Every structure is written in structure tokens, then in C-alpha cells.
Amino acid sequence: MKSTESPPDWASVKVAVPRQPGRLPGVSMAGFSQRAPADVGIAMVAHPSVTLFVDLSDGDRLVHDAHGRRECGSTVVGLVPGDLRLGGRAAGGIECLQIRLSPVWAVAVFGASTDLSGTVVSLEDVWGRDAGRTEERLRDAASWDERFTIAADALGRRMSARPSPDPEVAAAWWLMRTSRGRVRVDSLASEVGWSRKRLWSRFRSQIGLTPKHAARLVRFDHAAHLLAAGNAAAQVAAESGHADQAHLHREVKAFTGVTPTALAAAPWLAIDDVAWPTSFADLTPPTSPIHQFPRSEPSSHERRRIISQDVTG
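For the sequence shown, position 55 (counting from the first letter as 1) is numbered 137 according to our numbering, and the numbering increases by one without interruption.
Treat each hint with caution, since some may be false.
[Stated by the list, open to error] Simulated restraints, written as ranges between beta carbons of each label pair: (1) T292 x K335: 19 to 29 Å; (2) S94 x E228: 20 to 30 Å; (3) A316 x G339: 17 to 27 Å; (4) D140 x D212: 39 to 49 Å; (5) D326 x E228: 45 to 55 Å; (6) V99 x R215: 19 to 29 Å; (7) S272 x E228: 43 to 53 Å; (8) R101 x A325: 41 to 51 Å; (9) D207 x S287: 18 to 28 Å; (10) H331 x T292: 18 to 28 Å; (11) R264 x A347: 20 to 30 Å.
The set of hints was computed from the structure by calculation and includes no laboratory data.
Source: prediction; values computed, not measured.
Idealized CB from N, CA, C, for every residue including glycine.
Can you build the whole structure from these sequences, using the hints too?
Printed below as a string of C-alpha cells:
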């Protein structure tokens, strides 16, 4: 996120993370609280995840605003939401549970990610009555540890009740993340044993973006953190796989609407390593699926078994 006219006092924001992260594949959580009354006015920075915000604040609800559409309270933010802002007045302070889901697992939690890409929707619209029941349990919890457990249970139930993503799609996303977006679609298709056309179609229908667009988002995320770490734009462009500094500038503008200099000053990115200490929290396999395939072409059943084992850990 970056500062706007009414940025929060980040020094007074307490950040909580699970004591034992990784209970669910592809899911990371963090809790944010600021007890004093607060005006909120921040702009979101695109991230390669589907993000769930559970607003636990007292009084007025936080408001997400994207493309002129406003959603109050708990929301789900899809991939590449565009110009997305979070604002509002919390008279009793701010409390918010933020959950990042790998888009692969968002398929199981919310349905096809393509329905969420580029949008922000209320959690109630996606989960129905379960949204209110889950939010009530989270409000009544005595600690962030208890809240993390409640959230993990709610997500786990939905994961077990819905179809899993294609293992080939999951493997392609995993390869994209581990390569930080520096992988060609033809190479991805070859590694998972599909044609380029089939990968393009299945990936888009389940993830919500084309493989090429998803790789751009992953590269942008890597570049954003390099910029926030104080690296020069020219160096960041080279290290993140952008053709040159001008290319990096165009990509940052496309994903955020601001310049690389403004993005580098985003206070949210400065605390990102505190709230999200594992850069690739959804990458559970110890080794890349690339190295698991035998040199001879495996059967469809064997390839599916190998990919599924690697992606789920």
C-alpha cells in the first residue's frame, strides 16, 4: 500500500501472525490492530494472491473502493483489482484479519478465480450466511491465535467440499512463482505435459488470468519489494526480468497507477516482511516439479500423481 491523504500511523499498528504458519497449503494470514480511533486512507498494491479482508473494527466499517464500486466491511479482493483503495473512519480503532490465498487454492475456497479477477466483492456475496457466522466467531475470539485457528477451520472446510484445481494448473503456478515470473508459457506447457493452448485455456478459467498476465503480476511483485528495499530502479529492472527501466516504469504504472519512486515509499511494503515473513508462503514443494519428471514421457495418470504430490507437499 502507499500513503494517501490520511495514512494510518503505522508505528501504532500491531501485527500478529500465526505461531505455526503453513497449516493450509497456499494460505497466509496476518492480523492488524490499532486501538486508537483512526482515519484510514490507503491505496492497495497488487499482489499475486486472492485476498480476504475480515473487518473486525468497531463502529463504521472499512470501505473498499475499486473502479467506483464501494464495498463495506469484509471483502474479497481478486487478482489485479486496479485502482483499489481502503478508507473509512474507525471510532473504536481498527482490527482486520487479512488472508492471502494462492489463486490456485482460491479456486477451492471461492470457486473459479476468474469470477473474482479485477474485482472487489463483499464476503457475504461469496460465502452467504457462512460469512456472518464466521465473522461473529472471529469477533468473539479471545486472541489472534484463536482467530487464526477459526479462519483456518473455515477455509479448510471449504477446501474439502469443493473440487481441487487441476494439478497441471497448480504446477504451472508453482513454477511461475518460484521463477518469479521469469518463465515462458511454452516452457510451462512442456513441463506439465499439456499443449500451450490447453494450458492457456485451463489456467485462465481457474486462476482468472492468462499465464502471461499472471507472470507479469509475479514479476511486478518481486520488483515492488526490491524497490521498497531501496534498490535503484535500473537495478530492479535487471533483477526482476524487465527489459529496461522504462519497461519497469510502464509495468508499475499499469499495476498501481503510480511511479516506481512512489511505490518504493509505500509504508505497507515496509512492514510486509513483518506481516508476511515468507515471501513465497504458498510454495510448499521442496523441489521443483521440473526435476521430478522422468526424461521419458510419463503417462497422464503418472504425471498427474507427480504434480499433485509436489504441489500439495
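Is the distance from the Cβ of A316 to the Cβ of G339 consistent with 17 to 27 Å?
holds (22 Å)
Go ahead and decide if the range 19 to 29 Å is satisfied by the Cβ distance of T292 to K335.
Holds, since T292 and K335 (Cβ atoms, about 20 Å apart) stay within the stated range.
Does the beta carbon distance between D326 and E228 stay inside 45 to 55 Å, or does it fall outside?
Roughly 49 Å apart at Cβ, these two residues keep to the hinted range, so it holds.
Status of the given 18 to 28 Å range, CB of T292 versus CB of H331
holds (23 Å)
Assuming the hint says 41 to 51 Å, is it satisfied by the Cβ distance from R101 to A325 or not?
holds (43 Å)
Just to be sure I understand the hint, the distance between the Cβ atoms of S272 and E228 should be within 43 to 53 Å; is that true here?
Check passed, 46 Å falls within 43 to 53 Å.
For the pair D140 and D212, does the Cβ-Cβ distance stay inside 39 to 49 Å?
violated (23 Å)
Taking the CB of S94 and the CB of E228, does the distance hold inside 20 to 30 Å?
Because 23 Å falls inside the window, the suggested range holds.
Regarding D207 and S287, is the given constraint of 18 to 28 Å on their beta-carbon distance met?
holds (21 Å)
Tell me if the beta carbons of V99 and R215 are separated by a distance inside 19 to 29 Å.
The hint (19 to 29 Å, Cβ to Cβ) holds, given that V99 and R215 are roughly 25 Å apart.
Take the C-beta atom of R264 and the C-beta atom of A347, compute their distance, and say whether it sits inside 20 to 30 Å.
With a Cβ separation near 26 Å, R264 and A347 satisfy 20 to 30 Å, so the hint holds.
Hint check: a violation occurs at hint 4 only; the rest are consistent with the structure.
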